[in-house]
Amino acid sequence: MAIKPLITLKNVTKEFRFGKEPMRILRDVSLEIQPEQFAILLGPSGSGKSTLLHTLLGLEHPTSGQIIIANERLDLKKPDDLARFRLSRIGIIYQKSDWIRSLTVLDNVAFPLAILGIRRKEREARAMALLKQFGMDQRAKFIPSELSGGQQQKVQIARALVNNPTILVADEPTGNLDTESAEKVMQTFKKLNEEKKLTIIMVTHNMEYVHYASQTIYVRDGKVLSGTGTFLS
Amino acid sequence: MKFGYTIYLAASSLRMRKLRSFLTIGGMAIGIGAIVFLVSLGFGLQALIVNRVTNVAAITVLDVSVGESTILKINEESLKSFRALPNVISVSSSISQSGQAVKGETATDIGLYGVQAQFLNIEGVVTNFGTAYTTDDEKSAIISTTSAELLGAKAPQDLIGQTVTMKIVLPDTGPVEQERSLVNTNASTTNTNSTNGNSNTNSNTSSSIKTKDVEVKVVGILPSDNSIAYMPLKIFTDAGITNFNLARVKLDTRDHLAAARSAIEAEGFQVDSVADTVGQIDRIFLIFQIVMFIFGLIAMLIASLGAFNTLTVSLLERTREVGIMKSLGTTSRHIYILFLSEALLIGVLGGISGLFVGVGFGELVNFIINRFAARLGGQPVDLFTIPPIFLAIIAGVIIIVGLITGLYPARRAAKINALDALRYE
Chain A
1 MAIKPLITLK NVTKEFRFGK EPMRILRDVS LEIQPEQFAI LLGPSGSGKS
51 TLLHTLLGLE HPTSGQIIIA NERLDLKKPD DLARFRLSRI GIIYQKSDWI
101 RSLTVLDNVA FPLAILGIRR KEREARAMAL LKQFGMDQRA KFIPSELSGG
151 QQQKVQIARA LVNNPTILVA DEPTGNLDTE SAEKVMQTFK KLNEEKKLTI
201 IMVTHNMEYV HYASQTIYVR DGKVLSGTGT FLS
Chain B
1 MKFGYTIYLA ASSLRMRKLR SFLTIGGMAI GIGAIVFLVS LGFGLQALIV
51 NRVTNVAAIT VLDVSVGEST ILKINEESLK SFRALPNVIS VSSSISQSGQ
101 AVKGETATDI GLYGVQAQFL NIEGVVTNFG TAYTTDDEKS AIISTTSAEL
151 LGAKAPQDLI GQTVTMKIVL PDTGPVEQER SLVNTNASTT NTNSTNGNSN
201 TNSNTSSSIK TKDVEVKVVG ILPSDNSIAY MPLKIFTDAG ITNFNLARVK
251 LDTRDHLAAA RSAIEAEGFQ VDSVADTVGQ IDRIFLIFQI VMFIFGLIAM
301 LIASLGAFNT LTVSLLERTR EVGIMKSLGT TSRHIYILFL SEALLIGVLG
351 GISGLFVGVG FGELVNFIIN RFAARLGGQP VDLFTIPPIF LAIIAGVIII
401 VGLITGLYPA RRAAKINALD ALRYE
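Protein sequences, first through last, are from chains A and B. Residues 1 to 233 in full-length UniProt numbering are what the first sequence spells out, letter by letter. Residues 1 to 425 in full-length UniProt numbering are what the second sequence spells out, letter by letter.
With the rest of the complex left out, here is chain B (with noise of 0.2 Å):
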């Protein structure tokens, strides 16, 4: 018997008994429509809060600071080293010091953070009032909310355009001394200041510190509870600070991360990524997903009971064609591949209609949400993904199951006598 023809057959089976296969395989679309639902809301939720912790350019990006070496220093010689990797698309350097900001008679301490004006989106740095920085040689800083009001802005965005100075601490050739400065910050920038804002070189005693006066004008505010502020890097290496904290290392993919991140690890230096998190959060939802998945996989469970009922009370049903069939010269052979090709039917059937109903209504919950979250300002979003692999694995589940319902069926009909069958009532 040629395979088409069984297919055929057992396709005409299913026509016959119509409302019982339409219920069957309505159970079978249930239940993988189930598994579809539940595990695109893992995948969904996943992609969701993966783009919330991070921007796409970040995630292939390497931090590279020197960690808790005293030794190491990361300069314009290891920005180079790291450019010569193989696929490093950029690197870009950052310095952070602390400094004071002042304005007329107004000042505050503050984080002061170099960065080039293209490697801004990659800091996170986002204005709400104002604009970033586009240039490097510009004499322009970007401050947070904070810093604005300690420097008695009423509003915060009054502060855009006005010129603020910012006294920049230059660190100590000794990183011991340097810590020990640090300590005494304000005392000393008091003292630093009367000097009017000339870089003091006096390095002899430990109380005193050098610090480095910018006038720069505000032309953005970031939201931020930190008193902080971000200027083109340029201000910091012209002042003579030439040792940098962060290195960041853009690869062009991020499969080229994990090669990337040993050859830097191999000089000493301490390697962060995006990617760790964006990792810990995937470890998490595969956890999720897994138990979604097994909630799918009950409801898919009693789908497929239903399925094996139906297989069964179908045998007995049609016990003198099984007879018939045999006595016309059918071998069970052929027996067990119809039966088992009834049930692949089921599984497909249902399989297929359950993609349709699990993505179906996903894609209406999306659609409900992003309704409603437009109503409300929202940002739209996809609440429902299904990647291609779950797919395939889908389909593997369809597969499997449709054989494992269809096994004792199969098993039964092509044992059975074709003398007893065809005396059976």
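Okay, chain A solo, but in the shape it has when bound (with noise of 0.2 Å):
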């Protein structure tokens, strides 16, 4: 028997209006995500992937379809109430590190956990040993801005894994990077979807990667090329 999807997609589309234009980005798009995979959205930009990623995150409302991830229908949810569902599921990595400028490296890292009223006490020792886990606990007490790249990613994933999620999504992750910063941001993935069990959704336009991924899903004038589940070695 299959095992029950944790993302399903159904004939989901997007228009944007530029002008009076109306501009499907994405068309009639199916798929489906099994617990525990490291799936990489793939295409040129444009494709619409991003468009695809956003929709999945609930920050995109879909034109039509459906969108059901942990038996949730997230096309039916108001804002806030997604918002919420984020925060219990999903960490989010972008490629541009995004802070809150008058906190701290901690600060940030525990600040979904701050958003759920949790203590601080309790909260700081979390990120610490997130930080610390990646190497990042000297730098506590700086500001995000002050630190290399490289650095600011790590402590992106720290945060998007704070509120213990079952998905991470990474939105070209490695976009920003060198080489090494950037094949250690994937080991990471990598480590987290094989140690952690974590389900991982990253999108990015560089076939490198590819090899990283359990299931690859091209994106091409926002259609799903090779449908569900496919499968590389």
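Treat the hints with care, as some may be off.
To be verified - Reference excerpt, derived from the structure (chain B facing chain A, CB under 10 Å, subset only):
| # | residue |
| --- | --- |
| 1 | Met1 |
| 2 | Tyr5 |
| 3 | Ser12 |
| 4 | Ser13 |
| 5 | Arg17 |
| 6 | Glu317 |
| 7 | Met325 |
| 8 | Thr331 |
| 9 | Ser332 |
| 10 | His334 |
As the list claims (entries may be wrong) - To list a few chain B residues with every Cβ distance to chain A over 10 Å, as calculated:
| # | residue |
| --- | --- |
| 11 | Ile30 |
| 12 | Leu41 |
| 13 | Arg52 |
| 14 | Ala58 |
| 15 | Gly124 |
| 16 | Thr134 |
| 17 | Pro171 |
| 18 | Asn226 |
| 19 | Gly240 |
| 20 | Asn245 |
| 21 | Leu383 |
| 22 | Ile393 |
| 23 | Val397 |
It is worth saying that the hints were derived from the structure and are not from the lab. Where is the CB? At the ideal position from N, CA and C, for every residue including glycine.
Join the two chains into one complex using the hints; note that each chain is given alone, in its own frame.
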């Protein structure tokens, strides 16, 4: 019996309006991602892969279609409910690190826990443990903008993991990094996928990383070319 | 998100932009300070003038007279009924009669007041030479500087210790006749003079009036342009005057004035009170304070616009920050509360500093004025005073202003779309 997919998209369409002209960015996308997969969304610039990712995150509301994650219909949820859903289920990593600039590295990593209303002592302990895991504990009292790109990306991963998500979503996480730092980030993802059994969805236009993936989803002109559950060795 | 964390986040944002926060909070402080300073000047002036108009003792006193009535009388019986009213501490009575003061060959018309020694302070009798009489059994008088001059004293104080004969005009039994006889006072006193001061009991003719001669020792001089003298009330009652011109009913607190007043007025008496004058002063100063408050409010408004501007600019700068907060799971409501808290924090910090600025500046001016006053020999004054209720009002104003300046930026921040914000450069 097939395992029930963690993420299911059914006939998802997303249209944007530029002036009077509607532009269809996602065209009838259907796909499934099983638990504990390392899925890579691959495609050239402007293919719609970022929009697909944002739709998955509930940051973009689909024009039509269904989005089901862990048995919950995201396309039916209100923005604040989606925010709560992300908080409890999903860790997010962006290409460009964004921070609450008035807070230290430690406070930034602990921020998702603060949203949940967890006490300071506990959230700082959890954030510190993660920073230590990524070798960033010495930088805990720094302001994030004082760190290098690679270091910032490590802190971003720590922040994405702090509330124990089941899904880690990364949008071009290596885009701003040198090859060495990028490779380290990819290794980290691989480890998280294999050891922590995290489901990882990563968007990239770089073919080099395909070998990390257990499922590759090609996106072009708003369509998924190779459909669900394509396994590459 | 817990409230404490929201405040922490708002404070950290203010701390990060130190100069801007300082200037904005400083602007608020000046605005609130201006209100506090101007309004406390209003309160201070009011207190100053009220204190000048009346002493504290007189503020709880009702002055009872018969008014226009020719039937009503204030006598021992009515005093007794006043004493029986609730919350009445004491009732004093006074008599005013016209008369003549004679010293040797010199005589002058004089207004004579009979007041008990203990109530001289309520009357506002302050001597500039000599002392006031201290007992009611004395045959003594405090006379005005004008009377002293009219009696031929080179300097008013020369008269202290000397004896003066006071001819007290005794009221007629019929009020109509009394009025008529007063018209002829000058002519008739000359007549009665010739009877060597004994009281004239002949009341058949309207042109003659009864007088009673009393020899008194001058104990004090009070400054006045009128020819008047104060003597113990007993001198008048001993002369057979049983109706008083005025009763002073002293109550325990100002709050009980109204009840006692209506009770006495119900008996037909006319009641006046220093509190009436104070009430009028209060009304005038209320307007003054409102005007001052409006001036302060204008300063406050300008400061609020500054705060509003700061918050709006700060929001634009932090658009990406709002985006990341939302994508990490912060709800719009939390973002709203966060920005509102920041506005409130600016308001509260500015407000507290403003209170210090306003009160401090007022105290400084007080200090300087009093130094000047002391040097010039004047009395110390408090030109700036702040009643606690006003502080409560200011606290309310701070919170309302904080909320109003924060509402728009907070709403805008809450409405920001996370993705748009993350694309924002």
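Notebook entry, point to check: Which numbered hints turn out to be false for this structure?
Noted result: Failing hints: none at all.
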